[in-house]
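Protein chains: 4
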Amino acid sequence: MDTVNINVSGKKFTIRKSVLLRFPQTKLGRLTEKWPEYNPEENEYFFDRNPKVMLSIFDLYRTGELHLPKNVCSFTVKTELDFWQIDESLISECCWKMYTTTLKAKAVIDVIEKSLNEHPFVNREELSTRQHLWMTMEFPQHSIVSKIWFTIYMLFVSMVVIIACLYTIPQLREPLRKEDSHLASGSILDMLLKSEMKGTIYRLDLACLVFFTVELLTKFTICPEKKRFFSFGLNNLDVTLTLIMWTAVVLDHIPIVEHVHIAHTVLRAMFCLNVLRIFHLGKSSNVMKLLIFTLKASLSAFGLLLVTLTMAVVIYATLAYFAEVATKADTFSNIPIAIWWTVVTMTTVGYGDICPQSWAGYVVGVICSLSGILLIAMPIAIIASNFDAFYSNMPAAEQRIRRKCLKEIEDERLKLSYNSGAGPQTLPLKTDQYYQPTYVPTDDEL
Amino acid sequence: MDTVNINVSGKKFTIRKSVLLRFPQTKLGRLTEKWPEYNPEENEYFFDRNPKVMLSIFDLYRTGELHLPKNVCSFTVKTELDFWQIDESLISECCWKMYTTTLKAKAVIDVIEKSLNEHPFVNREELSTRQHLWMTMEFPQHSIVSKIWFTIYMLFVSMVVIIACLYTIPQLREPLRKEDSHLASGSILDMLLKSEMKGTIYRLDLACLVFFTVELLTKFTICPEKKRFFSFGLNNLDVTLTLIMWTAVVLDHIPIVEHVHIAHTVLRAMFCLNVLRIFHLGKSSNVMKLLIFTLKASLSAFGLLLVTLTMAVVIYATLAYFAEVATKADTFSNIPIAIWWTVVTMTTVGYGDICPQSWAGYVVGVICSLSGILLIAMPIAIIASNFDAFYSNMPAAEQRIRRKCLKEIEDERLKLSYNSGAGPQTLPLKTDQYYQPTYVPTDDEL
Amino acid sequence: MDTVNINVSGKKFTIRKSVLLRFPQTKLGRLTEKWPEYNPEENEYFFDRNPKVMLSIFDLYRTGELHLPKNVCSFTVKTELDFWQIDESLISECCWKMYTTTLKAKAVIDVIEKSLNEHPFVNREELSTRQHLWMTMEFPQHSIVSKIWFTIYMLFVSMVVIIACLYTIPQLREPLRKEDSHLASGSILDMLLKSEMKGTIYRLDLACLVFFTVELLTKFTICPEKKRFFSFGLNNLDVTLTLIMWTAVVLDHIPIVEHVHIAHTVLRAMFCLNVLRIFHLGKSSNVMKLLIFTLKASLSAFGLLLVTLTMAVVIYATLAYFAEVATKADTFSNIPIAIWWTVVTMTTVGYGDICPQSWAGYVVGVICSLSGILLIAMPIAIIASNFDAFYSNMPAAEQRIRRKCLKEIEDERLKLSYNSGAGPQTLPLKTDQYYQPTYVPTDDEL
Amino acid sequence: MDTVNINVSGKKFTIRKSVLLRFPQTKLGRLTEKWPEYNPEENEYFFDRNPKVMLSIFDLYRTGELHLPKNVCSFTVKTELDFWQIDESLISECCWKMYTTTLKAKAVIDVIEKSLNEHPFVNREELSTRQHLWMTMEFPQHSIVSKIWFTIYMLFVSMVVIIACLYTIPQLREPLRKEDSHLASGSILDMLLKSEMKGTIYRLDLACLVFFTVELLTKFTICPEKKRFFSFGLNNLDVTLTLIMWTAVVLDHIPIVEHVHIAHTVLRAMFCLNVLRIFHLGKSSNVMKLLIFTLKASLSAFGLLLVTLTMAVVIYATLAYFAEVATKADTFSNIPIAIWWTVVTMTTVGYGDICPQSWAGYVVGVICSLSGILLIAMPIAIIASNFDAFYSNMPAAEQRIRRKCLKEIEDERLKLSYNSGAGPQTLPLKTDQYYQPTYVPTDDEL
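Top line first, the protein sequences correspond to chains A, B, C and D. If you read the first sequence in this note's numbering, its first letter stands for residue 1, the second for the next number, and so on. If you read the second sequence in this note's numbering, its first letter stands for residue 1, the second for the next number, and so on. If you read the third sequence in this note's numbering, its first letter stands for residue 1, the second for the next number, and so on. If you read the fourth sequence in this note's numbering, its first letter stands for residue 1, the second for the next number, and so on.
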C-alpha cells in the first residue's frame with residue numbers, strides 16, 4: 001500500500017500518500033524521504049510536535065474540511081497549523097466561533113493588561129523622594145500612607161459633592177435682598193441668582209476649596225511634565241472649578257460696582273458645579289476601566305440598539321399620535337412628545353405623565369411595551385456578555401503580569417547564579433518588591 | 001480469542017467479533033477478511049479514517065447505546081457515522097443536544113451567509129459605468145464616493161424625519177383662517193387640518209422633497225429592471241410619499257375650488273407621514289438583518305410568549321375586575337380596561353393611570369406583577385439566546401465567504417501556475433479586489 | 001518491577017500492582033492471573049471496554065481522587081464505573097456538577113418524553129371510526145380534518161372570550177329598568193346586576209353557546225370512559241359554564257316570580273365568566289407543557305423567591321412606614337399599604353399611586369428598588385435556565401421517541417426478514433405511518 | 001538522534017533531549033539515566049502518572065508556552081504540574097480562566113460545605129435527652145417531631161407578623177381618649193400614640209407573646225452555653241421584643257402616674273415592631289445561606305454597581321436639574337430631589353411623581369433611562385452568575401459530605417472486618433444513621 005507512517009512525539013499515524021498530495025502547498029503535501037525527519041529504520045517520519053491536532057489535519061487531507069478538536073487551546077492549534085503550513089482560513093465555519101473565542105479572549109486580556117501595565121516594573125527601593133511623593137498622591141496601592149491619603153481625599157470629594165447638592169435647596173439659602181424672600185414663585189434659575197448660601201455649609205465649602213487648591217498646587221508643583229498635567233480631563237476640571245470658586249470668594253470681600261455684582265452672582269450660583277468633582281470617585285475602583293472597555297467593545301451592539309430603538313420609537317410614536325388623534329386630551333399633542341412617551345414605555349419606566357386614552361392608543365401601548373422589552377433585551381445581552389468577558393478575564397491579565405514579573409526575576413536570578421558559577425538553583429521568589437505602576441516619572445523628568 | 005484488530009490511521013483497536021455482529025446492517029457488522037482493508041501480515045483491518053469516534057462506535061456495539069465524545073465536531077462525527085453505516089438516530093438522547101447544537105449553528109451560518117452572499121463575486125475592475133453608479137448609490141462599502149453619498153443621504157433622511165416631527169407641533173403651525181387661532185380647544189385632527197406649516201421649516205422640507213425626488217428618479221432611471229424596483233417596500237413608500245407631497249405643493253400654487261381645497265388640506269396634513277422615511281435608517285446597519293433573522297428563528301418562542309401572555313392577561317384582568325367590583329371608582333370599569341392594566345403591570349411599565357384600590361385588588365396586583373416578570377423572562381431568554389446565536393456566528397459566516405473567495409482565487413492561481421508549467425507556488429493572496437455585493441445588475445440588464 | 005499491563009480494547013496501560021491494592025473491593029483491586037481476561041503470551045489483561053475513563057480510574061488508585069475527563073458522556077462514565085466496581089460517590093466534588101448535568105438532562109428528557117408519549121405507538125390504519133372521530137376532535141396533528149376543526153374551535157373560543165370581555169362595558173349594556181339609566185354612579189357590581197346585554201353581541205353569544213353545547217355533548221357521547229371525562233378540569237369548566245348559560249337563557253323565556261328574577265340577574269351577570277374559556281387556548285401550543293414542567297422543576301427557586309421577597313418586602317415596608325411616620329400625607333397610612341408600595345417598587349412596576357415624600361422615605365425607596373432588582377434577578381435566572389433546559393431538550397426527547405419508533409419498525413422488519421430467510425437487509429424506513437398520540441382509547445373502551 | 005523515550009502509564013512519548021534542557025529547574029529538565037525510572041531494556045523512562053497533560057507539558061518545553069487541554073480537570077492538571085515541578089504561573093493567560101474556574105468552583109463548594117458541616121458526624125442513637133430536646137427545637141431535619149414543631153413555630157411567626165401589620169391600621173384601633181376620635185387629621189405617629197389595639201387581635205397577640213416567651217425560656221434553659229445564646233442576633237431580637245411587650249402588658253394592669261403613662265403609650269406603639277420576627281422565616285430555607293454567600297462573593301461587583309450608579313446618578317441629576325432650571329414647576333426644585341428622580345428612572349421604576357417638563361429634560365430622561373438599563377444590567381449579570389455558581393454547586397457540596405460520611409463508615413467497617421480477621425468484604429452501607437447537624441452540644445456542656 002502507499003501508506004506513510006508519521007510519528008509525532010511518539011504517537012504513530014498512518015495515512016495514504018495519495019491523500020496527502022491534495023494540498024501540495026502544505027508541508028505534508030511536499031513530504032519526501034530526503035528530509036532529515038525521515039527515519040529509514042522504522043520507515044517513518046518523526047516530528048517533534050504536538051500530536052493533538054494531527055487527526056483534524058489528516059481529516060482535512062481526506063475530506064477537504066478542517067474541523068478542530070474542542071479540547072485543544074486555539075493557540076496550540078494555531079502553532080501547529082503554522083508549522084504544517086495550513087492556512088487558518090481553511091478552518092470550517094462550524095469550528096470558527098470556538099477557534100476565535102480564545103483568540104478574542106486573548107485580545108481582551110491584551111487590552112486589560114495594557115491598561116494595567118503601561119510602564120516597566122519598578123523596584124520600590126530605587127525611587128527618589130519626589131517620585132515617592134508623586135506616587136503617594138496618585139497610586140493608592142503604593143504604600144500605607146498613600147492609602148490613608150486616598151481615603152482622606154475621597155472623604156473631601158464626597159463632602160464637596162454633598163455640599164454642592166445642598167447648595168440647590170432653597171430652604172437652606174438666604175435671599176440677597178430682603179424683598180426677594182418669596183423665591184418659590186419664580187423659576188429655579190431666579191432662585192439660584194437671587195439667593196446665596198451662608199453659615200456652616202458655606203464655611204465647610206470654603207474649607208474644601210482650600211483643601212483642593214492646596215492639593216492641586218502640590219500636584220502641579222511635583223508633576224514632572226506640565227503639559228501632560230493638562231492632558232487629563234480631571235485636572236482641567238479641578239483647575240476651572242477652583243478658579244471659579246476663588247474669583248467668587250474674592251469678589252465677596254472687595255467693594256464692587258453693579259456690573260461685577262451680576263457676574264459675582266452668576267459665579268456663586270456656579271458653586272453647585274462642584275458636583276462634577278464626583279468624577280474623582282471613578283479613581284477608587286479599578287473596575288471602572290472595565291466599564292469603559294466594555295462600552296468600546298460593544299460599539300456595534302450599541303449602534304444596533306440606537307438604530308433599532310430610533311426606528312421603533314419614531315414609528316410607535318407616529319402610530320400612537322395618530323391613534324390618539326381624535327381625542328381632545330392634549331397628552332399626545334405632537335410627535336416629539338409621543339416619542340418621549342414611547343421611550344418611557346419601551347424602557348418600562350412608565351411615568352404615567354402621558355397615557356393613551358383611546359382603544360387604539362391602548363393597542364399601540366401594549367405592542368410598544370412588549371416589543372420594547374424584546375428590542376432592548378437583545379443588545380443588552382450582548383453588552384452584558386462583553387462586560388463579563390472583561391470581568392472574568394481580569395485574573396488572566398493579572399496572571400500574565402505575574403508571569404512577566406516572574407520571568408524578570410527569574411532572568412536576574414539565572415544571571416546571578418550563572419555568574420557565581422553555581423549553576424541553576426531554586427531560589428525563593430520575591431515578587432512583592434517589584435510592581436507595575438500606571439505612571440512613574442523618571443527622575444530626569446522631575 | 002475471537003478478537004478483531006482494527007487499525008484506524010495508525011491507532012489500533014481490539015474488539016470481540018461476536019460483539020460486532022449485533023448490528024449486522026453496519027459496515028463493521030459485515031467485516032470479512034476478503035476486503036482489501038484486511039492486512040494478513042499484521043492480522044488487522046486498516047481504515048484511513050479519523051479514529052476519534054471509534055471508541056464511541058465500539059461502545060454502541062458493546063452496550064447498544066451511542067454516546068458521543070464531546071471534543072469532536074459534530075460534522076466529523078456525522079462523516080464517520082456515515083462511513084461506518086450507522087444511523088444518526090441511534091445517537092443517545094443525552095448527547096443529542098450537543099450533537100445538534102453544531103448542526104444548528106451551521107444552519108444559522110447558512111442563513112446569514114445566504115443573506116450576505118446572494119450573488120457571485122465580482123471583480124471591481126470589470127464593472128461598467130452604469131453598474132458603478134448603481135452600486136455607488138446602493139452599497140456604502142463599494143467605494144469612498146459611495147460612503148460620502150450614503151452619509152449625505154442619511155443626513156437628509158434624518159432631517160426630513162425631524163421636520164415631519166416638528167410638523168405636528170401646534171406652536172409652529174399657523175391657522176389657515178384667522179378665526180381658527182384657538183386650535184388647542186379642538187382635537188389634534190382638527191388642529192392638523194385647520195392649520196399649516198410655513199417659514200423656514202417648510203422651505204427646508206421642500207428642499208428635502210426636491211432631493212428625494214431627484215434621487216428617486218435617478219435610481220429609477222439606472223435601475224436595470226423596473227419591475228424589480230417596485231418589489232422593494234421602501235421604493236414604493238418613497239414613490240407614494242413623493243407623489244403626495246408634490247400634489248400638495250402643486251395645489252398650493254394653482255387657484256382651486258373649495259372641494260379640492262379640502263383634499264389639499266388633507267394632503268398637507270399628511271406631510272408628517274414623512275416620518276416613515278425613518279425606515280431608510282435600517283440600511284445603515286448590517287446587523288438589522290440579524291434582528292429579522294432572530295425574529296424568524298424565534299417564532300415558536302414568540303408564539304409561546306403570546307399565547308401564555310394572552311391567557312395570563314385575560315385571567316388576571318378578570319380577577320382584577322372582580323376584585324375591584326365593589327369599589328365605586330371607575331378605574332376597573334370593564335374587563336378590556338383591566339386587560340390594559342394587566343399588560344402595563346406584567347411588563348412592569350406601571351403608568352399608574354389605573355391602580356387597584358381594594359385589598360383584593362392589591363393581592364391580584366402583587367401576583368400579577370411577579371408572574372409577569374416570570375412569564376416574560378422565560379421566552380425573552382430564548383429570543384436573546386437566538387439573537388446571540390446569529391450575532392456570534394456573523395464572523396463564522398464571513399469566514400466562510402472569505403474561504404470561498406480564497407478558493408476562487410486559489411483555483412484561478414492554480415490554473416495559471418499549471419498553465420505556465422511552473423507547478424504549485426505560494427503566490428501572495430489579494431482578496432481586496434474581489435467582493436460579494438448584495439446585488440449586481442449584469443450589463444445586459446442595464 | 002511490579003507493573004501490570006492492561007489492554008483495554010487495544011489501548012495499553014501500565015500501572016504498579018501495589019497501587020491497585022489500595023481499593024481492594026474494586027475489580028482492579030482483585031486482579032489475578034487466574035481470570036480468563038489474562039493473556040499469558042502478551043503478559044497482559046485484555047478487557048473489551050471503553051478505555052477513555054481508564055486514566056481517571058488509574059488516578060483514583062494513585063491519588064485517591066476520582067476526577068473525570070470532560071469529553072466523555074456521563075453515561076459512558078457510569079457504565080465504566082459500574083464495570084470496574086467503583087462507587088459513584090468517589091467522584092471528586094469538582095467534577096460532580098459536570099457529571100450530574102448530563103444525568104439531569106436525561107431526567108428532563110424523561111419527563112418531556114413521558115408527557116409526549118403516554119401510550120404505545122398506533123398504526124393509523126387500524127383505528128375504528130369512533131376512535132378516528134375522537135382523535136380528530138382532540139389531536140390537531142391527527143389529520144387535515146382535525147386541523148381545520150381545531151382552527152374553527154379556536155376561533156369560537158376567541159369569539160366567546162372577546163364577547164365576555166365586551167359584556168362588562170357599561171356603554172354596551174341596557175338598564176333592566178328605565179330608572180336605572182344612571183349606572184355610572186353606583187359600583188360595578190350594581191351596574192352588572194341592574195343592566196343586561198342585548199342586540200347582536202348577545203345573539204352571537206347564544207350562537208357560541210349552541211356551538212359549545214353541541215361540541216360538549218358530542219365529545220361526551222364518544223368519550224369511552226365517562227368518569228375520565230370529568231377528571232379533566234377544562235371539561236368540568238365547560239359543563240359548568242354551559243349549565244349557567246342555559247339556565248339563564250331558559251329563565252329569560254318563562255314567566256318568573258321575583259325571587260327567581262334575582263337569581264336570573266346573577267346568572268346573566270355571570271355570562272362574563274365565559275372569559276375563562278381562554279384556558280382552551282393552552283391546547284394550541286405544545287410548549288405550554290414546558291411552562292408547567294419548568295414551574296414544577298423550579299419549586300425550590302420559587303420557594304427562595306417567595307421567602308426572600310416576603311422577608312424583604314415586610315422589612316422594607318416597615319422601614320418605609322416609619323420613615324414616613326411624621327408626614328401628614330395618608331400615603332403610607334399603615335404597614336399593609338406600605339407592603340403594596342414595596343412590591344410595586346421592588347418589581348420596578350412603580351405605579352406612583354403611593355410615593356415617599358420625606359428624605360428618609362426617599363432613601364428607603366432607593367435601597368428598596370435597587371435590592372428589588374437584585375433579589376428578583378437571582379431566582380429568575382435559575383427559573384429561566386430551568387425553562388431553557390426543558391426547551392432545548394425538546395428535540396432530544398423527540399429524538400428518543402423517533403429512536404423507539406425506529407426500533408419497533410426495525411424489530412418488525414428483522415422478524416420479517418428472518419422469517420423469509422433472506423437475512424438482514426436494508427429496507428426503507430417508514431416512520432410516518434406510526435405515531436404516538438397522547439391518548440388513544442381502545443376499541444373495547446368505546 | 002538525541003530523542004528521549006518517556007513511558008507514562010503505558011503511553012509512549014518521544015521528545016528531543018535538547019528541548020527538555022530549556023527548563024533546567026523542572027523534573028524533566030534534570031532527567032538522567034541514573035534514576036530508578038530509567039528502564040535500560042526498553043531505553044525508556046517509566047513514570048506511573050496520568051499521561052493526559054504530558055503533551056501540553058512537552059509543548060511548554062518546545063514553545064515556552066503552557067496551554068492546557070480542556071478535557072482534563074484542573075486538579076489533575078495541578079497534581080501533574082506539581083509532580084513535574086512546573087510552576088502554575090507558567091500557564092498561558094488564555095487557559096488561565098478555564099484553569100481557575102474549577103479551582104473557584106472548589107472554593108465555592110468549600111464555603112457551602114463548611115456552612116453545612118461545622119461539626120463531626122453524630123450517631124443519632126448516642127444523644128442524651130437534653131441534646132435530643134435541643135436538636136428537636138433547632139433542626140427541622142432531626143426527626144418527625146422537630147418537623148411538626150417547626151411548622152407550628154412558623155405558623156406563630158406568620159401570625160405575629162400579620163398581627164403586627166394590622167396594628168398599624170387606624171380603622172382597627174381605638175382612640176385612648178374620646179376627644180381624639182378624628183385621628184386621620186394628624187400624622188401617623190400621632191395616630192399610633194393616641195390610639196390602642198383592643199379586642200380579638202390584641203388577645204391573639206397576647207397568646208403569641210405567651211408562646212414566644214415560653215419558647216424563649218425553654219431554649220434558654222436547655223442551651224448549654226448561655227454566652228453563645230446571646231451571640232445570635234435573632235435571640236437578642238426575641239429577648240428585646242418580649243421584654244418590651246411584657247413591660248407594656250404589665251403597665252396595663254397597674255395604676256400608673258402620668259409620666260409612666262407616656263412610656264406605656266410608646267411601648268404599646270412599639271407592638272408593631274413584632275413585624276421584625278419575620279427574620280425567623282429565614283430559618284425555613286437552606287437556600288437563604290446561598291443568598292448571603294452570593295452577596296459576600298459579589299462584593300466587588302456591588303462596589304462597581306454602587307460607584308458607577310452614584311457617579312451616573314449625581315451627574316444625571318445635575319443635568320436634569322439644569323435642564324429644568326427655567327421651568328416654574330417645583331418638580332426639580334433641587335439636586336437631591338433630582339437624584340431621587342434619577343434613581344427612580346434608572347431602575348425603571350418610574351413613579352411619575354416627578355417628571356421632566358421641558359425638551360431638555362426629556363432628552364436627559366431618555367439618556368438616563370437607557371443608560372440606567374445598561375449600567376444595572378452589567379453588575380446584575382455578574383451577581384446572578386455568582387448566585388448560580390453557589391446554587392448549582394449545592395449538590396456537589398452535598399456529594400462531598402456524603403463522600404466523607406461514606407469514608408467514615410468504610411473506615412469503621414474495614415476496622416471491624418480486619419479485627420475479625422475476615423479480610424475486606426462488601427458490607428451494606430447505612431448512611432441514614434449518621435448525619436451532620438450544624439450544632440450539637442456535647443453532654444458535658446449541657
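Keep in mind that a hint or two might mislead.
No distinction is drawn between identical chains; accordingly, a pair holds when it is met within one copy or between any pair of copies.
EDC-like cross-link-like pairs, simulated, lysine to aspartate or glutamate; straight-line CA separation at most 20 angstroms [stated by the list, open to error]:
1. LYS328 to ASP190
2. LYS407 to GLU65
3. LYS106 to GLU65
4. LYS407 to ASP87
5. LYS226 to GLU138
6. LYS104 to GLU65
7. LYS104 to GLU44
8. LYS17 to GLU37
9. LYS328 to ASP353
10. LYS27 to GLU65
11. LYS227 to ASP330
12. LYS114 to GLU215
13. LYS12 to GLU42
14. LYS194 to ASP330
15. LYS97 to GLU398
16. LYS404 to ASP87
Keep in mind that the hints were calculated from the coordinates and are not lab data.
(message) To test your reading of the hints: which numbers does this structure violate?
(response) 7, 11, 12
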